[in-house]
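Participant: Letter by letter, the chains look like this.
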Amino acid sequence: MSMTEPAETMAEPWDDVGVSPAVLRGLPAAASIVPRNSIAGRSLTAVVAIMTFLGSLTIGAAMLVVSAASDWRAEVGREVTIQVRPAPGRDIDADVRAAAEIARAGAGIVDVRAFTKEESAKLVEPWLGTGLALDDLPIPRLIVVKLGPGARPDFASLRQVLAARVPTASLDDHRRWIDRMRHMAGTAVAAGIAVLLLVLIATVLSVTFATRGAMAANRPIVEVLHYVGATDSFIAGQFQRHFLVLGFKGGAIGGGAAIVLFGLAEAANAWLTGTPGGDQVASLFGTFSIGAAGYLAIVLQIIFMALVTAFASRHTVNGTLEAID
Amino acid sequence: MIRFENVGLRYGLGSEVLRDLNFDIDGHSFQFLTGPSGAGKTSLLRLMLLSLRPSRGLISMFDNDTATLSKDGRANLRRRIGIVFQDFRLLDHMTTYENVALPLRVLGKDESEYRAEVVELLQWVGLGEHMSALPPILSGGEKQRAAIARAVIARPQLLLADEPTGNVDPNLGQRLLRLFVELNKTGTAVVIATHDIALMDEYDARRLVLHEGRLHVYD
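Heads up: the sequence lines are chains A and B, in that order.
Heads up: the first sequence is residues 1 to 325, going by my numbering.
Heads up: the second sequence is residues 326 to 544, going by my numbering.
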């Protein structure tokens, strides 16, 4: 008889017992092959939920740092300053007007504002106090030049023109500050990504071990299925589906809580806008919003956690089957 | 149906627990497998169930060399064998009905196809009143009958039973033996591993006796 030949279909002694339809109707729906509400399963869901929540917070924090760093750079980079120093024999007001005119003519410049004498005096007030005869002091005058978004004016030629027509003027494009800011922001972003990676690794490891722990309780089920003729793929499929659902449930709880938390923070930030405290927070963290990309990253993390849980269960089932065989 | 040729089995680097086994199990046959505790009865049953691989020798089952079978091929052969464990191995989260129906579910059959047959079998083994009961509330004898029902529901060609009367009183032991004899009459080959001499005396059948790792056959 070959392996594929069907079993003999001889009548069995119980074939003539007979069953009333009422008995058949009274049977409850078949239970899941893998028990649904085990203590180990609930613990696993809790572990996945907690780790996904922590992972989501880290994702959000990393995205806030990235966006705040980018905002700082953009803010500083959108402004340059022309400083006009007083010099003997020169009319500083005329020099300021001339420098402002030169700046206005530059490409990509959207606004030029020269500080008045009074405004310039106010700038030094915190250091020198009030009531001084500022006319006798050689206080330089500032011209703030705002650049359009994405504009890259030719600062070299602007410097040349200024040097030729207003020798007492100098252009400060904040390059030194921008470089420092870029360096600091880069460090903050790298630290954020490093922390995120560490949290993700810790999450994957803890979820994997929690899944293995939950699977240990299911070893007798794997064995019985194996002995009654289930193929390895059938057994692994049963557990993988069950643990995918468990992982998704845990991930949705943890990730959902994080989404709600970020949503509330965003709403509170919007509500506080305009207040002194709110403005300070906004200057540090921008809009305090993780944006669509942040929410998408959390959703992707939920899916990732479910997949990690399912994969870990499949791996453990395969290990158990190897040990049995 | 099954042929063992010079089969030996060792666990790890230990000495052989089964040595030079040469025997056949024919279709429709009935035999007791006996021997003192620790003689290797359960190991031999596990070899027949394809859940152990021999250290040497050839095992042929249903005209297949088991050494060359793929994992799925071994699973397919296992579907033609029913097994009754000494410790029953019923799944506690499933009802008696679901436990018995498990082999058919594994085969991918729809419940509507097998529902009546499972109920008939449960009534035949005297568990008609306990179909919705979970195993932890069944008595030892009821668990044993549920385990036997699960082993035969897919109409296996070979039924292996490991100490099926080990946990029941002599009266129930005799009733279970009659159950196996009935199944054998319908064409299922039966191998009962036991060291219960009284049980073997109840029915005149071939005896496979394991002693110090070797098998002695008494037809």
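Do not rely on the hints blindly, as some may be mistaken.
Below 20 Å or equal to it, Euclidean Cα-Cα: the simulated EDC-like pairs (lysine to aspartate or glutamate) are [said to hold, decoys possible]:
1. A:LYS117 x A:ASP136
2. B:LYS396 x A:GLU322
3. B:LYS434 x A:ASP232
4. B:LYS396 x A:GLU223
Hints listed in this document are in silico derivations from the structure and should not be mistaken for laboratory results.
Participant: None of the hints should be skipped; say for each whether it holds.
Facilitator: Structure-based check of all given hints:
Using a Cα cut-off of 20 Å, the hinted pair LYS117 (chain A) and ASP136 (chain A) holds, with the two alpha carbons roughly 12 Å apart. For the hint linking LYS396 (chain B) to GLU322 (chain A), the alpha-carbon distance of about 10 Å falls within 20 Å, and the restraint holds. Note on LYS434 (chain B) and ASP232 (chain A): the hinted pairing holds, with a Cα-Cα distance of about 18 Å set against a maximum of 20 Å. With a C-alpha separation of about 15 Å, the suggested pairing of LYS396 (chain B) with GLU223 (chain A) holds against the 20 Å cut-off.
Of the numbered hints stated above, none is contradicted by the structure.
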